[in-house]
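Student: What follows is the residue order along each chain.
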Amino acid sequence: MQQMSIGIKINNIKKKLGPNQALNGVSTHFEEGLLHGLIGPEGAGKTTLLRTLLNLLTPDEGTVQFTNHGTNIDYNSIRSSIAYMPQQQSLYADLSISEHLDFFRDLYQIPQDVYLKRREELLHITRLDKFIDRPAGKLSGGMYKKLGLMCALLQSPAAILLDEPTNGVDPISRREFWDLLHRLSKENILIIFATAYMDEAERCDRVHILSTGSLIAEGTPRGVLERENVESYDALFIKRAAEGVL
Amino acid sequence: MNFKFNIKRALSIAKKEQFHIMRDPFTLTMATVLPVLLVLIFGLAIEFNVKDIGLTVHDSDRTFSSRKLVEVFSSSQYFNINPSRGSIVDAINDLDSERSKASLIIEPEFEHNLLAHGNTKAQFVLDGADNSTAGVILGYLGGIQKAANFKLTGTLVKEPIELKTRYLFNPELSSPWFIVPGLAVVVIAILSILLTALTVAREWENGSMELLLSTPVQPLEIIIGKLIPYTVIGLAAVLLVVLVAILGFGIPFAGNFILFGFGSLIFLIACLAQGMLISVLIRTQQLAMQIAMITGLLPSLLMSGFIFPLESMPKYPQNFTSILPSKWFMIISRGIFLKGADFSDLKLPFIGLFLLSAILIITATKKFKKDLEP
Numbered sequence: 027m028q029q030m031s032i033g034i035k036i037n038n039i040k041k042k043l044g045p046n047q048a049l050n051g052v053s054t055h056f057e058e059g060l061l062h063g064l065i066g067p068e069g070a071g072k073t074t075l076l077r078t079l080l081n082l083l084t085p086d087e088g089t090v091q092f093t094n095h096g097t098n099i100d101y102n103s104i105r106s107s108i109a110y111m112p113q114q115q116s117l118y119a120d121l122s123i124s125e126h127l128d129f130f131r132d133l134y135q136i137p138q139d140v141y142l143k144r145r146e147e148l149l150h151i152t153r154l155d156k157f158i159d160r161p162a163g164k165l166s167g168g169m170y171k172k173l174g175l176m177c178a179l180l181q182s183p184a185a186i187l188l189d190e191p192t193n194g195v196d197p198i199s200r201r202e203f204w205d206l207l208h209r210l211s212k213e214n215i216l217i218i219f220a221t222a223y224m225d226e227a228e229r230c231d232r233v234h235i236l237s238t239g240s241l242i243a244e245g246t247p248r249g250v251l252e253r254e255n256v257e258s259y260d261a262l263f264i265k266r267a268a269e270g271v272l
Numbered sequence: 054m055n056f057k058f059n060i061k062r063a064l065s066i067a068k069k070e071q072f073h074i075m076r077d078p079f080t081l082t083m084a085t086v087l088p089v090l091l092v093l094i095f096g097l098a099i100e101f102n103v104k105d106i107g108l109t110v111h112d113s114d115r116t117f118s119s120r121k122l123v124e125v126f127s128s129s130q131y132f133n134i135n136p137s138r139g140s141i142v143d144a145i146n147d148l149d150s151e152r153s154k155a156s157l158i159i160e161p162e163f164e165h166n167l168l169a170h171g172n173t174k175a176q177f178v179l180d181g182a183d184n185s186t187a188g189v190i191l192g193y194l195g196g197i198q199k200a201a202n203f204k205l206t207g208t209l210v211k212e213p214i215e216l217k218t219r220y221l222f223n224p225e226l227s228s229p230w231f232i233v234p235g236l237a238v239v240v241i242a243i244l245s246i247l248l249t250a251l252t253v254a255r256e257w258e259n260g261s262m263e264l265l266l267s268t269p270v271q272p273l274e275i276i277i278g279k280l281i282p283y284t285v286i287g288l289a290a291v292l293l294v295v296l297v298a299i300l301g302f303g304i305p306f307a308g309n310f311i312l313f314g315f316g317s318l319i320f321l322i323a324c325l326a327q328g329m330l331i332s333v334l335i336r337t338q339q340l341a342m343q344i345a346m347i348t349g350l351l352p353s354l355l356m357s358g359f360i361f362p363l364e365s366m367p368k369y370p371q372n373f374t375s376i377l378p379s380k381w382f383m384i385i386s387r388g389i390f391l392k393g394a395d396f397s398d399l400k401l402p403f404i405g406l407f408l409l410s411a412i413l414i415i416t417a418t419k420k421f422k423k424d425l426e427p
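Protein chains in written order, with the working numbering: chain A, 27 to 272; chain B, 54 to 427.
Be a bit skeptical, because a hint or two may be false.
[Said to hold, decoys possible] The list that follows gives simulated cross-link-like pairs (lysine-lysine, BS3-like), each with its CA atoms no further than 25 Å apart:
| hint | chain 1 | residue 1 | chain 2 | residue 2 |
| --- | --- | --- | --- | --- |
| 1 | A | Lys40 | B | Lys68 |
| 2 | B | Lys61 | A | Lys164 |
| 3 | A | Lys143 | B | Lys420 |
| 4 | B | Lys57 | B | Lys68 |
| 5 | B | Lys423 | A | Lys143 |
[What the hints assert, rightly or not] Here are some, though not all, of the chain B residues that point toward chain A, as calculated from beta-carbon distances under 8 Å:
| hint | residue |
| --- | --- |
| 6 | Leu264 |
| 7 | Thr416 |
| 8 | Lys419 |
[What the hints assert, rightly or not] Covered by chain A, according to a simulated footprint, are these stretches of chain B (three or more residues, beta-carbon under 8 Å):
| hint | region |
| --- | --- |
| 9 | 73–81 |
| 10 | 184–196 |
| 11 | 266–279 |
Because the hints were derived from the structure by calculation, they are not lab data.
By construction, the Cβ of each residue, glycine as well, lies at the ideal position given by its N, Cα and C atoms.
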């Protein structure tokens with residue numbers, strides 16, 4: 027099935043949460059079919075930005091525009107094509123992997139034949155097929171995140187927004203998780219991946235570096251490093267921290 | 054507005070909720086043990102027919118007639134006689150010290166006046182601080198006075214007008230007959246408001262609401278989906294209460310079971326929707342539980358007519374009780390259970406309940422936030 031491609035353009039997004047200016051005029055472009063890394067330390071505004079893209083938060087100022095091959099499209103018409111994986115644990119501890127998948131099948135009204143095929147495929151690539159009856163509360167950190175990703179991917183979304191999915195996950199599971207994302211990226215899915223791990227920037231097609239609600243750098247992973255004249259993202263963050271920007 | 058209600062999505066929420074209920078020992082215990090416990094506690098412990106009332110007798114006459122009068126009180130089974138410890142003041146002080154609820158004071162000329170003039174007086178002092186007991190004692194006094202007249206004069210006093218009293222629906226004024234049908238109301242109210250008050254708040258607390266809100270599911274689908282399994286639990290609780298009432302307390306069910314079940318269903322939906330509204334407005338389980346207790350337990354116990362008659366309330370509080378679903382179902386429950394009332398007798402309470410259910414569901418849906426704005 028040919029999946030519709032989605033891009034997102036945001037323009038001068040500002041959002042205040044309580045006394046804090048969580049986003050301070052962020053403008054950028056998340057291009058169709060690419061894997062975008064939204065990178066920044068805790069409190070940089072990554073979660074607020076993702077929630078704003080999903081209409082879970084309304085910006086105080088600025089616009090969010092969804093596009094398909096450069097043409098503007100209405101958010102409501104593609105809403106069910108956008109999947110989201112929140113930062114905090116949001117699955118049901120007492121529901122098994124199988125029950126979670128059935129639940130999301132029903133929520134997204136996926137036809138049974140499509141569902142069975144997709145489910146088998148996802149269980150295979152996440153290697154969770156041996157644990158389908160295990161409750162989410164008894165899964166390891168990596169398995170739990172993979173289940174979250176599976177639930178998000180079940181409906182074959184055109185865009186997926188992941189909020190720190192590798193946070194607290196062991197290195198092997200992290201590697202598996204990234205392999206999975208690269209595989210998805212080839213299916214023309216827009217992936218926006220928020221993370222505080224600097225090393226993950228180099229695995230993305232595009233990086234957007236956020237600090238205290240502002241975008242301080244963006245581009246290809248290599249391009250950003252060359253412009254900033256540093257060798258790695260760790261070095262970039264050390265440099266920025268010394269400048270007092272982070 | 055992009056609003057499409059999809060019954061399949063609502064059912065998927067219901068199925069998920071059913072898993073939570075079946076796997077949560079707290080919810081299951083609440084749903085099964087609480088109704089039985091409440092029926093037993095209220096049914097066995099609450100007794101409106103006051104017995105063994107402490108009565109201090111100060112008999113200054115100490116004659117055959119005064120002793121006969123005291124005997125009338127002691128043989129009535131309602132009173133336990135406490136002999137006076139000295140003076141009249143001591144007899145009154147017994148009310149202060151809670152030794153007695155009433156004092157009977159017989160003056161020295163009691164028998165003399167009876168024999169010489171054909172009539173005599175004794176003083177009966179009541180503890181007005183406990184006005185419910187005082188009211189009950191006062192009710193007994195009419196019968197006791199008649200019995201005393203007969204015992205002391207040997208003749209039955211014929212009143213010019215005599216009102217013959219007969220109690221319909223509960224001939225012996227049995228307390229469990231009065232209490233237990235009302236218990237169905239209290240049990241459903243407490244159970245359902247508490248259960249649903251926690252359900253949405255729990256989703257906010259454990260973060261699953263953020264995920265749910267990013268899916269196509271609509272607020273009404275979440276609300277209806279969550280109502281379905283709790284409605285089934287509530288109906289099971291009602292059945293349990295009715296069975297205990299009939300088999301355990303021997304209360305006759307005079308009305309139509311189907312009509313009672315229908316009334317229970319609407320009432321259940323109203324209470325569940327009330328809990329849901331609390332849960333939608335309050336995003337923490339602890340606070341939701343406290344508000345559910347205050348708005349659910351207290352009104353259904355005190356302002357539904359369960360124990361205290363609504364007719365004796367001042368006009369404004371009495372009108373206020375009309376916004377409480379438990380007031381309407383109390384009328385339905387007692388009406389069907391004891392009186393065998395049919396739908397035509399109970400139109401108004403049914404309409405009241407139906408309107409309240411609809412208003413509560415609509416309000417909960419409207420107030421359901423589809424975003425994460427604080």
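Student: If you check each hint against the structure, which ones fail?
Tutor: Checked against the structure, the hints that fail are numbers 1, 2, 3, 5, 7, 8, 10, while the rest are satisfied.
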